[in-house]
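Undergrad: Chains as they are written, first to last, in the numbering used here: chain R, 50 to 173; chain S, -11 to 222.
No wet-lab data here; the hints were simulated from the structure.
Yeah, the Cβ is synthetic: ideal placement off N, Cα and C, and Gly gets one too.
Be aware that a few hints might be false.
Have a look at the derived ranges for each label pair, beta carbon to beta carbon [as the list claims (entries may be wrong)]:
{"id": "1", "chain 1": "R", "residue 1": "105", "chain 2": "S", "residue 2": "-3", "range": "23 to 29 Å"}
{"id": "2", "chain 1": "S", "residue 1": "26", "chain 2": "R", "residue 2": "110", "range": "20 to 26 Å"}
{"id": "3", "chain 1": "R", "residue 1": "157", "chain 2": "S", "residue 2": "195", "range": "45 to 51 Å"}
{"id": "4", "chain 1": "R", "residue 1": "128", "chain 2": "S", "residue 2": "90", "range": "33 to 39 Å"}
{"id": "5", "chain 1": "S", "residue 1": "216", "chain 2": "R", "residue 2": "161", "range": "43 to 49 Å"}
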Amino acid sequence: MLGGLAIILACQLLGEVLVRLTGVPVPGPVVGMVLFFGWLLWRRPREDGSTVRAAGTLVHYLPIMFLPSTVGFIVYGPQIASQWVPAVVGSVVSWLLTFLLVGWLAMLLRPGRRGRGASEEAAA
Amino acid sequence: MRFAETWEWVSTSPLFALTLTVGIYWAADKLWERSGRNPLLTPLLVAAGVIGAVLVLLGIDYTVYADGAGVLTFLLGPATVALALPLYRQASHVKEAALMVLGVVVVGSVFSILAGYWLTVWLGGSEELALSMAPKSSTTPIAMALAESLGGWAPVAVLFVMIAGLAGAVFGPWILTAARITDPRARGLAMGVASHGIGTSRAFQEGETQGAFSGLAMGLTGLCISLVIPLLVP
Chain R
50 MLGGLAIILA CQLLGEVLVR LTGVPVPGPV VGMVLFFGWL LWRRPREDGS
100 TVRAAGTLVH YLPIMFLPST VGFIVYGPQI ASQWVPAVVG SVVSWLLTFL
150 LVGWLAMLLR PGRRGRGASE EAAA
Chain S
-11 MRFAETWEWV STSPLFALTL TVGIYWAADK LWERSGRNPL LTPLLVAAGV
39 IGAVLVLLGI DYTVYADGAG VLTFLLGPAT VALALPLYRQ ASHVKEAALM
89 VLGVVVVGSV FSILAGYWLT VWLGGSEELA LSMAPKSSTT PIAMALAESL
139 GGWAPVAVLF VMIAGLAGAV FGPWILTAAR ITDPRARGLA MGVASHGIGT
189 SRAFQEGETQ GAFSGLAMGL TGLCISLVIP LLVP
């Protein structure tokens, strides 16, 4: 577990350093994800090994990490109360349109749409 | 008994913030399981409501709580890096679906920025509100940085990021089924592009394929939005 955690933290650190050195407008953890992906392809770790366990645990507990920021609605919600119509309708409607557009476009672009599509749809 | 001093320590202690956060999330998760995973009882939504109410009732400042529970927020970074694991496990499927993934990420990112910005302006929202709305499909730290650099309000951007995420976690799977989006890869991509990390954690509950594609879409969307947003909003 600790070895895996060290590798993940190092990937993020390297990502953050690269972003700052080059000035590219990309978040450090996203660069870290690309680096960690490369590391996994290179090392091919075992399923019961330290790296897989550390990464699996972090992914499993992802929702609770969003909790402190989500609670921020109690402070920032009232601040934009006078503009609640554009805030609520704008965010929900633009989310819904994006969500459906991506889902339908993905169905159109998916590989093997004719051949395998039918059996997959039956399974779903 | 030194009640006042003790309360002063408790209310500002990270230990209290963490106990509250972990304990209430655990209880919300149990409630969700008991309800047969009712989407309206999504643990993140219920737990945020309860914690918000507790803070207001006890008169604890949100910034004090957020600092105390900061270690959880910090872990978002390493957890984002760890999303490479499901991606690696699905590498062969992802390769085969490269065109689908890149196509929807680029189209979805651009559409999400333009729809968020212009809909807000059209509904009478201020310029700052619209700029805080524009990056909402990217995940929290990215959206905050982008809103700030565009001239929006970073904390309000977080609010919109949370609305986009929670809408996906609560209603996403149901909407996808109603819209006949049945392919597990397409379901994951919709969750990842429109609802980032919160959508991704919900997608994992549906399956490993959905989760992996959602995690990939989330990473690429964050990247794509950071690159194109300065070109798209005035």
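Undergrad: A separate judgement is required for each hint: does it hold in the structure or not?
TA: To see whether the hints hold, each was checked on the structure:
no.: 1; hint: 105(R) <-> -3(S): 23 to 29 Å; in the structure: violated (36 Å)
no.: 2; hint: 26(S) <-> 110(R): 20 to 26 Å; in the structure: holds (22 Å)
no.: 3; hint: 157(R) <-> 195(S): 45 to 51 Å; in the structure: violated (21 Å)
no.: 4; hint: 128(R) <-> 90(S): 33 to 39 Å; in the structure: holds (38 Å)
no.: 5; hint: 216(S) <-> 161(R): 43 to 49 Å; in the structure: violated (30 Å)
Going through the hint list in order, the structure does not satisfy hints 1, 3, 5.
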